[in-house]
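S.K.: Using this note's numbering, the first residue of the sequence shown is number 910, and each one after it goes up by one.
Careful, some of the hints might be misleading.
[Stated by the list, open to error] No more than 25 Å apart at the CA atoms, straight line, and that leaves these computed lysine to any residue pairs for SDA-like:
{"no.": "1", "residue 1": "Lys961", "residue 2": "Ala1015"}
{"no.": "2", "residue 1": "Lys960", "residue 2": "Glu986"}
{"no.": "3", "residue 1": "Lys1040", "residue 2": "Leu1060"}
{"no.": "4", "residue 1": "Lys1001", "residue 2": "Cys921"}
{"no.": "5", "residue 1": "Lys1001", "residue 2": "Arg954"}
{"no.": "6", "residue 1": "Lys1040", "residue 2": "Thr911"}
{"no.": "7", "residue 1": "Lys960", "residue 2": "Ala1063"}
{"no.": "8", "residue 1": "Lys1040", "residue 2": "His1066"}
{"no.": "9", "residue 1": "Lys1001", "residue 2": "Gln1013"}
[Said to hold, decoys possible] Estimated spans, in silico, between C-beta atoms of each pair:
{"no.": "10", "residue 1": "Ala1030", "residue 2": "His1068", "range": "45 to 51 Å"}
{"no.": "11", "residue 1": "Pro1067", "residue 2": "Asp988", "range": "39 to 45 Å"}
{"no.": "12", "residue 1": "Ser1028", "residue 2": "Glu1088", "range": "43 to 49 Å"}
{"no.": "13", "residue 1": "Arg933", "residue 2": "Ala1015", "range": "36 to 42 Å"}
Don't read these hints as lab results, they were simulated from the structure. Glycine included, C-beta positions come from ideal geometry on N, C-alpha and C.
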Amino acid sequence: MTRPHLRHEKLCLAPVAGVDEAGRGPLAGPVVAAAVILPARGVPRGIDDSKKLSAGERERLCGRLYGCAIVGVGIVEADEIDSLNIYWATMKAMTLAVGALTEQPAHVLVDGNRLPRWSHAATALVGGDAKSLSIAAASIVAKHTRDTIMLAHAEAHPHYGWHSNKGYGCPAHLRALREHGPSPLHRRSFAPVAQAYLAR
């Protein structure tokens, strides 16, 4: 099984930032993007596509990355997702994440097939979190950051099961939407949430 590597980074001028997002699909909560510039030496072992890692592994690696890499995070909340749409909200989160880096990159590697409208030299890599170590690192930071946000919100909104589903539209979450209606953190532009508003 292939793991993320640094071959794409070595083709670019340094420093190179990897960018990925978490939270395009959920019915509630923000979309979060992260940008990571890995160190020349001392990259933590075990970095991989965040979907292949456990929550504990993501937490551990996220802490290690904050200790050795340059990390930027961009967050776009549900109300802005509704006003922009999820595509443009994701592009904004990525732009904010790169802008939050304390060192601006010479090149940006972005997971996916589209790039934000920015001035950075950049390459879109489909399946980039499985190909680029920098993007895989960004996927870990984005996923762990968003999960932490949703766990904090779960305590104030216990009906929706966010402690386990993190805002995704699983059957229990959809049932809670019908029974309790949407919360202020739900994305009103998403069809199941819009339908729950109309039913109230």
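S.K.: Against each hint, give a clear statement of whether it holds in the structure.
M.R.: Verification of the hints:
1. A hinted pair counts as satisfied when its Cα atoms are at most 25 Å apart, and lysine 961 with alanine 1015 does not qualify at roughly 29 Å.
2. Distance hint between lysine 960 and glutamate 986 is fulfilled; the C-alpha atoms sit about 22 Å from each other, no more than 25 Å.
3. For the hint pairing lysine 1040 with leucine 1060, the CA-to-CA distance comes to about 29 Å; that exceeds 25 Å, so the pair is violated.
4. For the given pair, lysine 1001 sits about 24 Å from cysteine 921 by alpha-carbon distance, which is consistent with the 25 Å threshold.
5. For a cut-off of 25 Å, the pair hint linking lysine 1001 to arginine 954 is broken: about 30 Å separates their Cα positions.
6. The suggested pairing of lysine 1040 with threonine 911 holds, with an alpha-carbon distance near 8 Å, which does not exceed 25 Å.
7. For the hint linking lysine 960 to alanine 1063, the alpha-carbon distance of about 21 Å falls within 25 Å, and the restraint holds.
8. As the CA atoms of lysine 1040 and histidine 1066 are separated by approximately 37 Å, the hinted pair breaks the 25 Å bound.
9. This hinted pair checks out: lysine 1001 and glutamine 1013 have alpha carbons roughly 17 Å apart, not beyond 25 Å.
10. The hinted window of 45 to 51 Å between alanine 1030 and histidine 1068 holds, with their beta carbons roughly 46 Å apart.
11. Roughly 22 Å separates the CB atoms of proline 1067 and aspartate 988, a value that falls outside the hinted 39 to 45 Å.
12. Between serine 1028 and glutamate 1088 the Cβ separation comes to about 48 Å, which falls inside the hinted range of 43 to 49 Å.
13. Here the CB-CB span from arginine 933 to alanine 1015 is close to 27 Å, at odds with the stated 36 to 42 Å.
Violated hints for the displayed structure, listed by number in ascending order: 1, 3, 5, 8, 11 and 13.
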